[in-house]
Structure formats: structure tokens, C-alpha cells
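Q: Sequence:
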Amino acid sequence: MIYRSLMFTPGTKKERLLKSVNSEADALLWDLEDAVHPDDKDGAQAVIKEALDELGDKPAKPIFLRVNQYDTEWYEEDVKLARHENVTGIMLPKTESSEQAAKTWEGMGSEGELIALIETAAGIIRLEDIFSNPNISGVAFGAIDYAVDVDLTLTEAGLEALYARSRIVTYAKAAGISGIYDTVFPDVHNEVSLQKRARSARALGFNGQMAVHPKQLEIIHEVYSPSREEIDWAVKVLLYAENEAKGQGVFMFDGKMVDRPVIEKARQIYNAAERYQLVIGG
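The numbering of the sequence shown is full-length UniProt numbering, which starts it at 1 and goes up by one.
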């Protein structure tokens, strides 16, 4: 699956966890890691279990658990919690090897979705090994932890993390991983900068972003959804290729050359529009 937005909610707040199910987020990240103080880790597991039980039938909105880092004392119990019928999958923080992914997959019952969260220099240079695990369905970039690990300064332009972002997208695409998600934008009230950052990540090949607050969702969805103009263009190109230009390897449309890569781009846009219910049917 591909999600435009994955929204974090602290695992210690049951009311907020249950409320998040009615948010506009495409998917939810119920957090057992950074949003939970070490003294509250066991309590957060219990709170999330209660919230999952109270949901009753499997919710329409996917729920992921961001578990604690591999080799921590809480990791195994966190992963077991993902076997709950209302959990869609796991986000594994600081993923650094295919072995970590394999053991997480086994611990979660060998079903569901597994998102590798890349947050360290080791994770960046070991992407080929990490993505060799066939059970990884998505990847996310954690820029804040990455900045700490490599001692870089995060800026609004984001050029300092360009290498990491481009490497994640390239290796993920090569491995056939569809969901590629950018880091959270922590300044909740800075909507202008959020939009700039999201557009930059989208241009690099990311197709979604993690969020820390519901007010960020509208901008994230706008950026990671095809625009009306893009959808109209895609529909026209695909119809023209199927009808007037059928059988032609290359043709002119609206004064511009159209060949196979252009047609494939139009198909990508149309498929995204269908996925986010911006068009119905074909």
C-alpha cells in the first residue's frame, strides 16, 4: 500500500489513540518509541492493547505500531503486540540490516506490512542489504535522528539530507518497494515551510510523509496527490494514446512529443488519482 500521510500518536494517550481513527490521515502510527518515556514503556503497551481491543471490528484506517529499536528491552513485546487483529503492521526504527527486518517479520506473525525507518548512517549505507528482505513493504526517512547520528544541521531548504533522501528513493525503487515516506516536519504552525519541504520531497520521489499533528494533513495530502491539471493531462494523454495514436511508438500531443516514458508517467498519475479516489473508474 501507498499512504500520503502517516500520523503519529503517543502510545500513552488512549483517548487520542481512539480519536486518531477518525482523523483524515491515510494511516496511523501509534508510537511506542520516541514519544514514550522509558519509565512508561510497559504502560504504553497496555494502553495500546486496550485501545485496539476497544475498536472492536477491524478499523478501516490502517494502524501501524512504531515499536522500540531492535535489541532494546521492549522490542520483543512491542513486536508481539502487532499480532493484534486490528494492527496493520510495524514501523521499525533505526533499521540497519535485513536480519533485523527478518526477525521483526517473524515476531509479528509473518503477516502484515513492515515499514523500515531509516535514521542512521549505517542504515543509509546498508540499504541494499535491508531491502533484500522481501517482506519490507515501505520505507521512511527519519531526518531528526539521522541529523544527530551524522552531526549535521537541519535547515529549511533540506539540502544537507539530499544524499540520504535520494539514496533511499533509488534503492527502494530498485527493490520494488512502493511506499516511500519522508520525515516528520516538527514545526506544526509553519505551514508554508511544511509545504515547501513536502514539495521538495515529492520531487525527489517520495510519495507520502509522516505527520505529527492533524492540522498538517491537508497540506500533505495536497502535495502528495496529483493536481486536477495533472489528472486532466494524464486522462487526455492516455485516451489519445489508446485511440488516435494507437500503435504509434511516438506522437505529437498538444505540440509536445509523447513517447513510452511520457505515457507511463501519465499512467502513474492516473493510478494515483484512482488510489486517492480523485477519479472513479477508468
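Calculated directly from the structure, the hints in this document are not laboratory data. A couple of the hints might just be wrong.
For each label pair, taking beta carbons as the anchor points, the in silico distance ranges come out as [what the hints assert, rightly or not]:
1) Leu278 to Ala60: 12 to 20 Å
2) Leu278 to Ala122: 16 to 24 Å
3) Lys19 to Glu156: 28 to 36 Å
4) Arg228 to Arg83: 38 to 46 Å
5) Ser132 to Asn190: 32 to 40 Å
Subject to a maximum C-alpha distance of 27 Å in a straight line, what follows is the list of computed DSS-like cross-link-like pairs (lysine-lysine) [to be verified]:
6) Lys215 to Lys246
7) Lys14 to Lys58
8) Lys61 to Lys173
We treat Cβ as the ideally placed atom computed from N, Cα and C, and that holds for glycine.
Q: Work down the list of hints and note, for each, if the structure agrees.
A: For each hint, the structure was consulted:
1. Leu278 to Ala60: 12 to 20 Å: holds, 18 Å
2. Leu278 to Ala122: 16 to 24 Å: At roughly 39 Å between Cβ atoms, Ala122 and Leu278 fall outside 16 to 24 Å, so the hint is violated.
3. Lys19 to Glu156: 28 to 36 Å: holds, 31 Å
4. Arg228 to Arg83: 38 to 46 Å: Roughly 42 Å apart at Cβ, these two residues keep to the hinted range, so it holds.
5. Ser132 to Asn190: 32 to 40 Å: holds, 38 Å
6. Lys215 to Lys246: violated, 45 Å
7. Lys14 to Lys58: Holds, at roughly 17 Å.
8. Lys61 to Lys173: holds, 25 Å
Against the hints set out earlier in the document, violations occur for numbers 2 and 6.
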